[in-house]
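*Asks:* One letter stands for each residue in the lines below.
Number of protein chains: 2
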Amino acid sequence: MATSLISRQLALSLQKNLWLSAPGCRHVSKAAAKTQVEFDYDGPSMKTTVPGPRSQELAKQLGDIQNVGAVHFFCNYEESRGNYLVDADGNRMLDLYTQISSIPIGYNHPALHKLMSNPNNLTTFVNRPALGILPPDNFPDKITESLLSVAPIGMTRVQTMACGSCSNENAFKAMFIWYRNKERGVSGPSDEELTSCMINQAPGCPDLSILSFMGGFHGRTLGCLATTHSKIIHKLDVPSFDWPIAPFPKLQYPLEEFTRENAQEEARCLEEVEDLIVKWRQKGKPVAGIVIEPIQAEGGDNHASVDFFSKLRNIARKHGCAFHVDEVQTGGGCTGKFWAHEHWGMDDPADIVSFSKKLLTGGYFHKDALQADKAYRIFNTWMGDPSKNLFLAEVLNVIRRENLLEEVTRSGKALLNGLYELQAQYPGLLSRARGQGTFCAIDICDDKTRDRLLLQARDKGVFLGGCGDRSIRFRPALIFKEYHVHLFLNIFNDLLAQHK
Amino acid sequence: MATSLISRQLALSLQKNLWLSAPGCRHVSKAAAKTQVEFDYDGPSMKTTVPGPRSQELAKQLGDIQNVGAVHFFCNYEESRGNYLVDADGNRMLDLYTQISSIPIGYNHPALHKLMSNPNNLTTFVNRPALGILPPDNFPDKITESLLSVAPIGMTRVQTMACGSCSNENAFKAMFIWYRNKERGVSGPSDEELTSCMINQAPGCPDLSILSFMGGFHGRTLGCLATTHSKIIHKLDVPSFDWPIAPFPKLQYPLEEFTRENAQEEARCLEEVEDLIVKWRQKGKPVAGIVIEPIQAEGGDNHASVDFFSKLRNIARKHGCAFHVDEVQTGGGCTGKFWAHEHWGMDDPADIVSFSKKLLTGGYFHKDALQADKAYRIFNTWMGDPSKNLFLAEVLNVIRRENLLEEVTRSGKALLNGLYELQAQYPGLLSRARGQGTFCAIDICDDKTRDRLLLQARDKGVFLGGCGDRSIRFRPALIFKEYHVHLFLNIFNDLLAQHK
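Protein chains in written order, with UniProt numbering: chain A, 1 to 500; chain B, 1 to 500.
For the record, the hints were derived by calculation from the structure and aren't laboratory data.
Mixed in with the good hints, there may be bad ones.
As the list claims (entries may be wrong) - Okay, derived cross-link-like pairs now, BS3-like style, lysine-lysine, Cα gap no bigger than 25 Å in a straight line:
| id | chain 1 | residue 1 | chain 2 | residue 2 |
| --- | --- | --- | --- | --- |
| 1 | B | K285 | A | K285 |
| 2 | B | K374 | A | K231 |
| 3 | B | K374 | B | K47 |
| 4 | A | K142 | B | K448 |
| 5 | B | K448 | A | K374 |
Unchecked claim - Stretches of chain B that chain A covers, calculated by requiring three or more beta carbons in the stretch to come under 8 Å of a beta carbon on chain A:
| id | stretch |
| --- | --- |
| 6 | 77-84 |
| 7 | 166-172 |
C-beta: ideal position from N, C-alpha, C; glycine also.
Extracted from the complex, chain A is given alone in its bound form:
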């Protein structure tokens, strides 16, 4: 491995050469990189098309055990470093997808390896506790040091969970419990509630609902899936709940040219939200909570204005619905702020904020009122994993020490500007470049071209993901620097030139 790693000085000089010698149009990406990642590679290095022969062999082997239809290729995680993912055939790709946005500070970050080499940490890995009944003695300190240090405004409470779906499922439960307790006031549950709940019937299992948005994605377990509306493949054949689904604004780009139209579109969606809340109340299925992503990710990187979120927040308040901001994909710094909802600049942005992916553990922050009134109402065996909290604490240290949120803002600006230039250059191919921080996306003319571009980029050493019908989403790690932006833009530009 050491032989393929280069020193920082060498990298910068190579980068300059690469800049000058790389083929294709060079209208994009004029800035020189200022920073490099110490433990990173110098650039992509491709030995085969992807998947290569070794990956194909492994896919055949795994295919006897699991459905491998979604497997891109097999990875060599020992050799992967920083922004580069190395596959089983020795291909090294610049990774702008990072395991569906879940690798916060790149592969094999030295800080995380150092943590593993500390013998004091080993028992945390070896003895996974049932956190809800027998937490480790260092748990209050560890959770204060890690999760609470990034608690969203107005929230001092957090519940960890094992994954994003469990986080949202339990956040929904917290909202249902809160809503029913609010309805009951001081009186406890009736005998009828206590008996009917055991057989899945109302009033014990009440007909409450969660309002979600078309295009939203909140997970794939049955509760979450009732609020997920991004792709047919997620939902077909799975029983669901009759819960209200509001339209999410479909903004027209460039935003500055469609100010009036977009404002109208957002107003239309908000009006629909209020109508649905009223309608579902009349149907006897009151809306206990509204769940929304700050940027719809899986559904196509759909953005809405601060004004939209601010008004939506007010609607939730007005109708007594809890407001749940799902930051599973947007959280952890990729938008340039730790939470995407911080961009709204609101004093009281949410009642509940769920997370997972880059946070390494799942869970949700919540206001005091959203804490279940009794033990064992929000509960399972593991309730998270303290070994993930250990990693998270170190990830947060790295983010602070290396000012990664500022870096993300800087790289994100370079990336978005690059995408703007590319779409100006290839108007038939590209449109709707958009983003916040490095959480960017661009639309391709159609899904087939998008899919082909993704594969071609992969063969050229850039690993990207799609989202929505025909978008490419950018989900690099927080250590993705301007240098890497330009590397990507050059390769992408060459590809686009071939499509012209």
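Since the structure of chain A is provided, determine the placement of chain B on it from the hints.
*Replies:* Chain B in isolation, oriented as in the chain A frame:
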């Protein structure tokens, strides 16, 4: 720590002394222990009542962050060893609950520490992949070496998940998808299905159901919770599905005295299962699958006969329902076989078997037919965690090397015999001793006495869990030997003597 650990020789001699000098009646537990666990402590050691002052202080601290109503005490996992859990106040308890049955080979097993000290394993912890799209190159081998080596009969396929609830949620989805594909035959989904599923409506989100049993526990996310019927606290205020719930046999003990009554009771339950399947089909909510635990755990350690399970399996087959055996709590060796359903001795015991807890990773095995026909239908970001598979492979090595299933059978026999003797001695207090392997339980006269006994046992250095209304459940690790059985029985006997 080293000072409080003793050599095997010393332990055995101390054990002998303890045996002779311990107070209380000695009718129970006449056998001498033959084996000791190398890295274990010699016995409980109590310094304070539990929770002690340090635990109370920590509970106050954590109480500002989470609901701590379910927290028993805080633990020192560094100092915990083998069958002994050490708390934050230095109390060392014989652990017969093992983190809700989720610590397979005791605390800080040297084999797991050795695994952590192998530098080749570190990247597996540091880089958690999105297993469904970018598995590590060693994944097919690792999963073959670990999970597939214990695959239930008739199953060569396994899907890992992060926890028990996600395992069951996805097993349910696999059954729904299988059921609908079976109904469709060769034709694909209709346009109406494709559009209606996006808005949670039939036919795309069909009105299918899962039949479950009263007293069953399958998790607490919304889909799982619709099949969970063990305690009100789990279910109250959470919307649910109108799915059929069959009675689980309520057997009378001792079994040999109630052969006829119990056979009648099981026949009644089976009849009800068939009635419900027919009734729900007529309601337009056909039963796609039946989910059942081989021993209802959370619901009170309720057993049924092999004949019952065999007939139930046939009913599922007859009505075209998938048969899902939930081994989340029973799996992993605690019944003396790796899977509890192996005790049924059936050639075709299940279509799908879910697991978690002692397996360290969640997931489910399934027959080929239950594999989703397309990629991304059963999917999420992490789909398990390869670092847990690493541990599992090592746990399975230890189980084989140390013949732990035989040990469990031996200890289980000693435990159950001890419980039989105790209930003969305290007929007003104890009844219905039952179990398989060390997966044992006994009923206490009422819930208050049960709860008091649990606390008193804790203060005497034995940590136990309850289940059902008034049962105590025994869930020791697989390294729980006859020696530990006798230690427990002596302490428990002394407690009971005080209750006489």
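*Asks:* Regarding the pair K374(B) and K47(B), is the alpha-carbon distance no greater than 25 Å?
*Replies:* Violated - the C-alpha atoms of K47(B) and K374(B) are around 58 Å apart, more than 25 Å.
*Asks:* Does the alpha-carbon distance linking K448(B) and K374(A) stay inside the 25 Å limit?
*Replies:* Answer holds: K448(B) to K374(A) is near 19 Å, not above 25 Å.
*Asks:* Are at least 3 residues of the stretch 77-84 of chain B within less than 8 Å of chain A when you compare beta carbons?
*Replies:* Contact hint for the stretch 77-84 of chain B vs chain A: holds, 3 residues under 8 Å.
*Asks:* Quick check: the stretch 166-172 of chain B, covered by chain A? Criterion 3+ residues, Cβ under 8 Å.
*Replies:* holds (count 4)
*Asks:* Just to be careful, I want the Cα atoms of K374(B) and K231(A) compared with a cutoff of 25 Å; is the pair within it?
*Replies:* Within the cut-off at roughly 13 Å; holds.
*Asks:* Assess, step by step, whether the Cα of K142(A) is no farther than 25 Å from the Cα of K448(B), and give holds or violated.
*Replies:* Given pair K142(A), K448(B) is violated - Cα atoms ~36 Å apart, limit 25 Å.
*Asks:* Are the Cα positions of K285(B) and K285(A) separated by 25 Å at most?
*Replies:* Holds. K285(B) to K285(A) sits at ~21 Å (cutoff 25 Å).
Hints 3 and 4 from the earlier list are contradicted by this structure; the remaining hints agree with it.
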